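Novice: With chain W's structure known, arrange chain F on it following the hints.
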Amino acid sequence: MLGSFAVLRKQSLLGDAISHAALPGIAIAFLITGAKDTNILLLGALISGLLGTFWIRGITTKTHLKSDTALGLILSLFFGFGMLLLTFIQKQPNANQAGLDKYLFGQAATLVESDVWLMAIVTGICLFVILLFWKEFKLLLFDINYAKTLGFNTKFIDTLITFFIVLAIVLGLQTVGVVLMSAMLLAPAAAARQWTNSLAVMVFLAAVFGAFSGIFGTAISASQNNLSTGPVIVIIATIFVLISFLFSPSRGLLFKQIRILKNRRDLKLNKTLAFMYGIAKTHENISHPHTIKILNNFHGFTKKTLQKLVEKKYVYIVKNMWSLTEKGFKVASNLYNQH
Amino acid sequence: MKERKIAVKIDDLTVAYNYKPVLWDIDLEIPEGVLMAIVGPNGAGKSTLIKSILGILKPIAGSVSIYGKPYKKQRSLVAYVPQKGSVDWDFPTTALDVVKMGTYGSLGWIKRPRQKEKKAALEALEKVGMLAFKNRQISQLSGGQQQRIFLARALVQNAAIYFMDEPFQGVDATTEIAIINILKELRKAGKTLIVVHHDLQTVPEYFDWVTFLNVKKIATGPVKTIFNNENLTKTYGINYKVSVQE
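Sequences listed follow chains W and F, in order.
Just so we're aligned, residue 1 is where the first sequence starts under the working numbering, counting upward by one.
Just so we're aligned, residue 1001 is where the second sequence starts under the working numbering, counting upward by one.
If you are wondering where the hints come from, they were derived from the structure by calculation, not from laboratory data.
It is possible that part of the hints are untrue.
In silico BS3-like cross-links for lysine-lysine, where the CA-CA straight-line distance does not exceed 27 Å [said to hold, decoys possible]: (1) F:K1134 / F:K1119; (2) F:K1009 / W:K135; (3) F:K1073 / W:K135; (4) W:K148 / F:K1020; (5) F:K1069 / W:K148; (6) F:K1119 / W:K135; (7) W:K135 / F:K1134; (8) W:K148 / F:K1134; (9) F:K1072 / W:K135; (10) F:K1111 / W:K155; (11) F:K1127 / W:K135; (12) F:K1069 / F:K1127; (13) F:K1084 / W:K135; (14) W:K148 / F:K1111; (15) F:K1020 / W:K66; (16) W:K148 / F:K1084; (17) F:K1058 / W:K66.
Covered by chain W, per the in silico footprint, the following chain F stretches (three or more residues, Cβ under 8 Å) [claimed, not checked]: (18) 1105-1118; (19) 1217-1230.
Derived, one-sided and incomplete: chain W residues facing chain F with beta-carbon distance under 10 Å [claimed, not checked]: (20) N145; (21) T149; (22) S198; (23) S323.
Note that the structure is predicted; figures quoted are calculated from it, not measured.
The beta-carbon is built from N, C-alpha and C at its ideal position, and this holds for glycine as well.
With the rest of the complex left out, here is chain F:
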């Protein structure tokens, strides 16, 4: 395989909420252009990893660089799709309005979105198949539709790297296929995608890169070579024993 550029590099990342570390000394290099799953049991720190990369959580130690520069200087290259449940969907706003929020970062302070931003938002809505719902109040969308809106919002950012926190959670089969097709398309365009994923069955089918995580990094690499029973046991199996003993 040809040498790839490193899109995301994480050094010695350690995160703790209280005394117990949630993430311990994570070193991770994510090559450009992969569609990577982060897998691991509940409480393994998958969401925490993404959140600390993006500066939402403050790590105790460690650094993150994007294409060789500190994350803070490279924000415009990074888009984020949070967990659907992280916001209040009864908020008084429309689907189009939420997608427009993806343009706020490039707009900067005070400037308002205009025609150009609106056009970009409409295009993103069309890509995720939600154009017909653009004026719908967001509480009247189904779970799958809400997830697509979040995806569209990230698409508008036109980033190089996408972080997604369980985009397939609670969506039906149609939406799941629609979303994965969009992700594959993005990869084809040379984007890097990092996805917190729960369904182990679909990993080989959807992703080409995988990271096993359980507080520590267990393994990372191409799905073809490292997605095997050994790593799965290391990630899930040991933890099961521990939880039974407790």
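Isolated chain W, as found in the complex:
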């Protein structure tokens, strides 16, 4: 759901940066508490994720660097620092340390009931906030300057959206991990965009796609012993994207291609008909027969188009002569009027 907002803000990579930025937070939280309490680790992730986001913001507004540069910089800085801490932790004689690396690639199997509850509650809050500030979010996403002139506190709305994106990412870390999280955020949204031109439907579809990927992914990995859940979920989400790119009726590649071909064929047909009309017009009897050879002067004429015209009863053929029908003449004269 929140992925839709990230995609529409052209900040798709933000998700990637945030998830990587969350890693040192997890490590530091572990170092301080020495325990593997999920909630505390995630709190650490949340804090460092937010920190990373605000640094990215700071870099883009205060310097000349473009946002992709800032994202890349922060992503590698935080991730590198996080890896450093993880290796440090692994060398420590603390038996407790094992298993922190699950946040790298995620391990849905380690989720316990309380984790699921936490996710459900946060999702509920997310949903509530999105519904509450729907109008403000839409306005900000479409035209932030205009939102300012209407008197809305755009910084507040912006921070709110960003906060929830970070929150969603941090919660997803346990399931799909740092490396794949951004795909989980963006794939459903990218897929949803293909099917609709309404923001509401897009957000809803993204949620459905995301949920389906989660359910299917878990089901598949549960039935096969050696498949870890996170990557399977991401692959399924990506399949959704692929299908959407190909088969969506209005934006999909397949239908677009079909439409182009059809338009071309129709145009060819009309051109030929118009050419015939030009000849037939010069005779008193519109159905005066002409030799097919004349048509060879016309570029774009093929036997196939002639056949099509006969099928449509615009033209009839006797031996190697063609004649326009009444119907064909009418259609052709209307074509002429258009041009």
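Specialist: Frame of chain W, contents of chain F only:
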């Protein structure tokens, strides 16, 4: 000419992005009920002027008042038509939805547009001749139609003062005439219109007031008295020489 109320008053406005000022010490009074063009070469700070008046950009110094009170308290009197290129037209929404956004300001936080707002938006669409396209996805509108949608969105605000950033940019002749007719109608209704404009040829025909701007304010006043070669040279000519030397 009878004494007119001052709709917009700008004092000592200075704006800079880096070291070089984009606008330098602008003092400007715009009387109520004028249809004013802001003209000047590229980089003269025309859009910047509008944006800083509206608080989109933060000026280094200066103040703006609307009918004698600070702008922040008078937002509801002001409508804004941004440059068409400032938004992503592939955004998933319809023409009617964009126009409805004009009502968001008076609605305030959280409240949703209802029947009343929808009706106002439909009326505005009709005024700009776009009613037939109300459910059209905005990416499938032509440039001129998109511009009309932006105009309709400002009309819905029902403001006293309209700021428009190049509303004639990239639109065909039909749309240009349609837009200027709407602007003239608004002026007749006593509204004040401030328009960033590029086509010098049409200034005398479209506008009754003009401001020459090139980082500094060169001149401001009625088109009849100040739209002349002297001011045009001051605004455009000198700058040409400078750019050639560079």
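Novice: Does each hint hold? Answer for all of them.
Specialist: How the hints compare with the structure:
no.	hint	result
1	F:K1134 / F:K1119	holds, 12 Å
2	F:K1009 / W:K135	violated, 32 Å
3	F:K1073 / W:K135	holds, 23 Å
4	W:K148 / F:K1020	holds, 25 Å
5	F:K1069 / W:K148	holds, 19 Å
6	F:K1119 / W:K135	holds, 18 Å
7	W:K135 / F:K1134	holds, 19 Å
8	W:K148 / F:K1134	holds, 25 Å
9	F:K1072 / W:K135	holds, 22 Å
10	F:K1111 / W:K155	holds, 19 Å
11	F:K1127 / W:K135	holds, 24 Å
12	F:K1069 / F:K1127	violated, 31 Å
13	F:K1084 / W:K135	holds, 21 Å
14	W:K148 / F:K1111	holds, 17 Å
15	F:K1020 / W:K66	holds, 21 Å
16	W:K148 / F:K1084	holds, 17 Å
17	F:K1058 / W:K66	holds, 21 Å
18	1105-1118	holds (count 7)
19	1217-1230	violated (count 0)
20	N145	holds, 5 Å
21	T149	holds, 4 Å
22	S198	holds, 6 Å
23	S323	violated, 41 Å
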